[in-house]
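Dock chain X against chain Z, hints included.
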Amino acid sequence: MALHMDKNGKIEIVTPPKKLTKEEKSILEDSKINKELIKQAKNINFNIIYG
Amino acid sequence: MDNNIRIIQCDNKNINSYKVKLLQSFSFHSDINRATRERGLLEETIKLVQKNKTILYILQKDNIFLGLVTLSASSIDDAPVIQIDYLFVDFKYRKLIIDKINNTVSKYLILFSMKISEDIKKTIGVKYLALYPDAQSKKLINHYQNIGFNILNKEWLFIKID
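Chains Z and X, in that order, give the protein sequences. Sequential numbering of the first sequence, starting at 1, is according to the working numbering. Sequential numbering of the second sequence, starting at 1001, is according to the working numbering.
These aren't lab readings, by the way, just hints derived from the structure by calculation. Possibly wrong hints are sitting among the right ones.
Just the calculated beta-carbon pair ranges, DEER-fashion [unchecked claim]:
id, chain 1, residue 1, chain 2, residue 2, range
1, Z, Asn47, X, Ile1097, 33 to 39 Å
2, Z, Ile33, X, Gln1050, 20 to 26 Å
3, X, Leu1096, Z, Ile33, 18 to 24 Å
Partial selection, computed: residues in chain Z whose CB lies under 8 Å from chain X [stated by the list, open to error]:
id, residue
4, Gly9
5, Leu20
6, Ile48
Cβ atoms here follow ideal geometry from the backbone N, Cα and C, with glycine treated the same way.
If we strip away everything but chain Z, and leave its shape as in the complex, we get (with noise of 0.2 Å):
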């Protein structure tokens, strides 16, 4: 639930298309894993802390 604002500052809720056309799913299923972006996200030890 993205957050849009409009041009006259009202806010509202998006979400993701449910329904894609043939073309937007062939974009989406026929890309590619970003391994290298997984790596480097895997190689950072994120420091987390809930309080």
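Using the frame of chain Z, we list chain X on its own:
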């Protein structure tokens, strides 16, 4: 990992402890209209955390808030995704490579979102990390493309993780 760098996880149980600091300590855009927009989106984001619709992660260095990202589960068509609901970087730290994290704040928060997605992927199905760029700014879209996002359509960007 330097202990001065940490990510604070906020949900509906602890967000009220951080709400005031989040709204008071961040610097917003120098343009008043854009600053109002950013602040308004942050206020709404906090409300979503209070309703437990998203989880907020604040990047903190030496007790200074540098930025934040909020994440939730969603789907694109029939594919499960982790969605970046809001990514915000303090105006003073935008585009800067931050010492000790060796990245910009936005790149670091996206890598963090990737790590979370990877962890979730081990237990439930997740195919993509999805993002809706604020205001559909071309500059912002280019920025996210440079990080590794693909363009799905006029509104949504994604990274394939599985």
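Hint by hint, here is what the structure shows:
1. Z:Asn47 / X:Ile1097: 33 to 39 Å: Once the Cβ atoms are compared, 19 Å apart, the range 33 to 39 Å for Ile1097 of chain X and Asn47 of chain Z is violated.
2. Z:Ile33 / X:Gln1050: 20 to 26 Å: violated, 35 Å
3. X:Leu1096 / Z:Ile33: 18 to 24 Å: violated, 30 Å
4. Gly9: holds, 7 Å
5. Leu20: Leu20 of chain Z check passes; min Cβ-Cβ to chain X is 5 Å, inside 8 Å.
6. Ile48: Holds. Min distance 5 Å.
Consistency with the previously given hints fails for numbers 1, 2 and 3, ordered from lowest to highest.
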